[in-house]
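Trainee: Quick mapping for you: the protein sequence lines, in order, are chains Z and E.
For the first sequence, the working numbering gives the first residue as 1234, with consecutive numbering after it.
For the second sequence, the working numbering gives the first residue as 1234, with consecutive numbering after it.
Because the hints were derived from the structure by calculation, they are not lab data.
One should not assume that every hint holds.
As the list makes no split between identical chains, a pair holds if one copy fits it or if it spans any two.
Here are the simulated lysine to aspartate or glutamate pairs, EDC-like style, with alpha carbons at most 20 Å apart [as the list claims (entries may be wrong)]:
# : residue 1 : residue 2
1 : K1476     : D1417
2 : K1476     : D1416
3 : K1393     : E1375
4 : K1521     : E1481
5 : K1477     : E1322
Here are the chains, one letter per residue:
Protein chains: 2
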Amino acid sequence: MVAHATMLTIAYLGPEHTNTHLAAQRRFGTRSRYAHEPTVDDVFSAVERRRADYGVVPVENSLEGAVTHTLDRFIDFKDSPVRIAGEIEFPIRHYLVRPPSATLSSIQAVYSHPQALAQCRRWLRAHLAHKIVLLETNSTAEAVDAVLSHGRLHPTSPLKHVAAIGREEAARGRHLAAVPIADDRENKTRFLILSLRQPRRGRRHKTSLLFALKDRPGALSDALTPFKRERINLTKIESRPSKKKAWEYDFFIDFAGHESEPQVKRALRALQQSTLYLRVLGSYPTAKA
Amino acid sequence: MVAHATMLTIAYLGPEHTNTHLAAQRRFGTRSRYAHEPTVDDVFSAVERRRADYGVVPVENSLEGAVTHTLDRFIDFKDSPVRIAGEIEFPIRHYLVRPPSATLSSIQAVYSHPQALAQCRRWLRAHLAHKIVLLETNSTAEAVDAVLSHGRLHPTSPLKHVAAIGREEAARGRHLAAVPIADDRENKTRFLILSLRQPRRGRRHKTSLLFALKDRPGALSDALTPFKRERINLTKIESRPSKKKAWEYDFFIDFAGHESEPQVKRALRALQQSTLYLRVLGSYPTAKA
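Input sequences plus hints: build the corresponding full structure.
Mentor: Structure (structure tokens):
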């Protein structure tokens, strides 16, 4: 939680009551104003146009990988003044939400967000091995709503018994049963905090870069060598299509350290030799694990 | 097209008449038997259980990036005997398919596969800038079917005028208008050919690797150095969650060359020093551009 004299406005990828909303609330507390936006692009725009002090968007899940819409927004708008001012790690706990009348073996269809369905693929295969239909919704909150309105909206549907994958809170006080979907794998989502402001210094920092390589053999190896030389620990590399030419890529790199540190400055100067384009997306305090 | 004495069975990610089907037909011709499978996992299984001689799955799109289901199948089943025996590049041409009665400005909703909707995001924003609802389907073929059945299945829906993004062929002979969605960006999908067989030698080859790095600073730089030293051109690097521990990654690398060439053998031996796990997924002829 961040203490400020004036009330902060936090734009986040909506709708309300999703994991992004909860992650934002955990960081910015109860004394901020929250504005949900329909798309990742709208969250960036809210920060760019100063309608919000901070934006919160998901960037990566520990099972499903990168949230490509968020990465691509940095590629598509290379001149945007938005910087990464922080990150939030948030544990994801999925529940199977169903009317008490629907037993596990009677369920014919499961509503949820595509990411949640993907994250629970293993559990669904083990526990609902009979043929079920997966129905995609825009959020896990919408999925739980869909369970309640299913019979009314689709009276002639052959699918009578439906469930949702969602958060436990969404089921409360609505005559729905929620059982946790147990999976031994660590399921966390990492969110970026976007801002035009410089973040305060923390104890440990992380820096995020976006760059395009010159087209020559060994370019990626040359790009990474300065980090090894300066003993800087890369925590992440992600390639994304440049969208200019097929099979050309831009790269996102995260490493431990702050852009103001001398060894980081030296590494960035050396990196510039192998890149066509290089942008520091931000140096910010590392999320506590 | 491949000539064989006996008829080949080709499993592909269905349903029928999708780009994967067309890409498979272009490579394996009219004298093969085609079997559509509902998921990427089922295509791999068909090859593993020898129900098919070859499998065809999408692996990457030039605008939207990696098809993560396909990459993750290699990670989730590291002991699978399936190898990459080839690749197919296929241009993607999207059409807006609508009943002749629906004008551009009257369209309220657009059905399509999430990848197609993502690839056409820019066009949709420019040409259907009025608020439209995006409705996801399992394939572009299903999206066109949905336009025809929309009024019958959802008689009370407030969305009267709907369209689909799909292939031109799907609209033919069905009283639907199809106009190409013009986008200046190169839109191609790359498909992998899966097999238990060794591919024939071609003129130019590509090799695909999957590996996990030892946890030490400079590990990724050390892993790439041997390729630079041997003047081997990396064409692609992709990181994916290991799914064992949050924020640990496995890497996919493609490079020019065949695993039987001496410089490739030397690079692979050196790479082994920085990896916990290393698997050659296949050496195969490069797709003609």
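Trainee: Any hints from earlier that this structure breaks? Give me their numbers in increasing order, please.
Mentor: none
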